[in-house]
Amino acid sequence: MTGTIRNWLGAALLPLALATVACNSGEEAEPALLTTDGETLNQAIAGQRDLRTTSEALSVAQLNEVFDGAGSYTVLAPTEAAFEALGAYAEQLLTLEERPVLVGLLREHVLPGHVTPTAIVAAIETGGGSAAMTTVGGGAITFRLDGETIVATHSNGAVARFAGAEVESGNGVVVPIDAVLTTPDAGAAPAAQ
Amino acid sequence: MFRLRLGVAALALAASGAFAQNTGQPGAEQGAPQNAEQRGGPPGSDRSGDGRDQRGDQRDKAERTDEAPPRAADLRGLRDAGRDAQVVADILKNQDVRDARNPAQPAADRPGPPARSGAPSETGLRDLFSREGTERVLERMVAGPLDRSVRMLVRCPPGLAKTGGCEAPGRAQSNAGQRYSLPGRALSPLLFGLTGFDAGRYLYRDGYLMQLADGDGIAGYIPLLGGALASGNIWPGSYGSASVPAYLVDFYNLGQPGSYRYADNTLYRVDPQSAAIQSVAALLTDEEVTIGEPMPAGYDVYNVPYPFRDRYADSAEAAYRYVDGYVYRLDPETRLVTAAFDLLT
Chain A
1 MTGTIRNWLG AALLPLALAT VACNSGEEAE PALLTTDGET LNQAIAGQRD LRTTSEALSV
61 AQLNEVFDGA GSYTVLAPTE AAFEALGAYA EQLLTLEERP VLVGLLREHV LPGHVTPTAI
121 VAAIETGGGS AAMTTVGGGA ITFRLDGETI VATHSNGAVA RFAGAEVESG NGVVVPIDAV
181 LTTPDAGAAP AAQ
Chain B
1001 MFRLRLGVAA LALAASGAFA QNTGQPGAEQ GAPQNAEQRG GPPGSDRSGD GRDQRGDQRD
1061 KAERTDEAPP RAADLRGLRD AGRDAQVVAD ILKNQDVRDA RNPAQPAADR PGPPARSGAP
1121 SETGLRDLFS REGTERVLER MVAGPLDRSV RMLVRCPPGL AKTGGCEAPG RAQSNAGQRY
1181 SLPGRALSPL LFGLTGFDAG RYLYRDGYLM QLADGDGIAG YIPLLGGALA SGNIWPGSYG
1241 SASVPAYLVD FYNLGQPGSY RYADNTLYRV DPQSAAIQSV AALLTDEEVT IGEPMPAGYD
1301 VYNVPYPFRD RYADSAEAAY RYVDGYVYRL DPETRLVTAA FDLLT
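Here the protein sequences come in this chain order: A and B.
Under the numbering used here, the residue at position 28 of the first sequence is numbered 28, and the numbers go up by one with no gaps.
Just so we're on the same page, the numbering used here is the position in the second sequence counted from 1, plus 1000.
Just chain B, same shape as in the assembly:
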């Protein structure tokens, strides 16, 4: 019975195109860069099909040239301070790999979205009816990864240009209070829970984290959760919004297209008419879990949500871990991820 339900759901997903497509971008913001396109490949799937996009190409290139050192400068302090060096280093190493796969791009340089069709690709249909079995294939289809690429806007934040907020670095550096955070540490994206950005010299002003250029001026800026992205503020159209798989839209009850935004591992609710931020709907991890690959470090403890602990209980044959709306099944010995389960069926 369970398998039959899954099969029906899989067909429904296929018929509907399976994923929301760039739904977080209201018409009023059409002038903004459209960074978001739906990567059709779920964890473990072959991304070399028709649905492959430019960012996928970049990621694959990063994976092929894995000799390139990750931008880990902003993590070194954490590494040194860690008491359990090996375990902590493994977790932070995962972050380095993610950073290398997701190079930050100035918004203006981001590629546009690829052409889409409303129907799943031929490859997707083959996956749906592959010999792996309906249940397994459905798991793969629904477990579409989020677009975790990071973005930094160029030039000067709105409102700060006229007030000298983006003054030359020499003058800015003279103000130590703008270069150091309350904890007494030099400002970095990591301090604000932002991963994947370059280490470097940053200023904080009026809800924005601004990276200083090597020469004069500001290299780019990031609107911050709790700052420029606080409730009541208008979502900055130029910041765009990465797309969100339809499953996660349902899981987090995000509502209709245009009523939410996703950026920097955070889901926001917004007023679809005014684009005013209403609330933070969810904080997500920066984990990209892939079927067939080892579970990222940092999931040693059983963490399945309470209502599902009977259904997905650890045993000698299987371990289960929860990440961002999905429960993943692991091989207890190898830690390889063998399946992903959505929590709405």
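Here chain A stands alone, though its shape is the one from the complex:
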């Protein structure tokens, strides 16, 4: 049985290399970036220049192996600009002291299974303008279209737009987004007691 799992990723490579999947990144539709050399989802994220901080966050959170394993996930990955927009808060998030908070935050960026932008658009159309997915953190993300761009609204109020081509691997998908799905008041000073 274990061998079957291990063969998952390898078995997926050839069809992935041959497949052409449209993307909905807000720009003109273009072919998706497809892994062709057996990369896992974790490796695919690490290979994206504009997702360096997301990759670092996964390392700090000790979640790398999750995205190297048999489980299938979709990661909505904030771009470098998205983390920069958080200012000092982003640096604090990546400290060991805040690691449990970082883990909780990252879980809200992870969907179960292999979710492509193409499938999201199809679900939005079927659903009359919106489609919802649960996260592995227990939150909810509602997808809508703004023109050709997919917009994700988290149940905590955060909003992000798809900001680049997705990358598919045998065990999941990574989709760049232009904002971190944290509460809008992230980084605000604690309220007075």
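By construction, these hints were calculated from the structure, which means they are not laboratory data.
All figures in this text were calculated on a predicted structure; none of them were measured in a lab.
Check each hint, because a few of them may be wrong.
[What the hints assert, rightly or not] Facing chain A, from chain B, some residues (calculated, C-beta under 8 Å):
| no. | residue |
| --- | --- |
| 1 | S1231 |
| 2 | I1234 |
| 3 | D1324 |
We put the CB at the ideal spot given by N, CA and C, even for glycine.
Mind docking chain B on chain A? Use the hints.
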């Protein structure tokens, strides 16, 4: 041919007892509360057989007394903030129902595991050869639900008692930095991806989330993923480990008994000798999908893993969704779950 393979596999499952039994508890931790027992009932099955356990009784009671309001206080903010109120509320409502079915218990108060036998129950054997057909029955057998009950340990986390880490609430409340998270929100289990716990007043210290008691002191604490449950730390024996169905042990390649732990929707790899946490193997959802019941909200988008998208492709007759190692077949019109498929056959 496919049906024949399934039938053979079903017999093998029956002969082996079908599920791993409390495998995450090493002998060195035998003094710890043993919360984990394997619930034999897969999604859609009748849980009123011999394999019924005390937690099942509690869950059934919660279902019978469904007038009891769920503990939803910590979700209200999310609900209010949601832009698509109906859809989001449906997803969060599912969580409320799960919370009501899985009341958090202090570890010390948890019931012990029921007596087990190595063979499947008589009811299980009847299921195996029922008139529903071998393929369908196998699907039901392998799709055993995870134990998703939540736990909070009592007293003070190890190491904090001597340093005053569990000081009286009055003093603790004076330290706003301990009651508010980096995002500026009051601490809650939900912030850490923990569902099913009471709303209330919490402190965060040294990798633990601690709930303040109504009076003085600490009501309980939760070791956190990335904190007390970070790689390199020793798994806290008192936290125990819920059991994991054998199928998921194979699916996630968790290895031998004692080499993994499961808690709070997370699978960990641990050193079987030292119980040191080695890594996080999988993050799971908090969904309990049951054959014959509607698919939980929040699965609008086709999400079957890539290698299986040809085998389980949506059509006018059937939709497929992936949750925690299984693919579920849905009626596209009613959204009722009609079957569950394991991904190792």
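_Non-conforming hints, listed in increasing numerical order_ = Hint 2 contradicted; others consistent.
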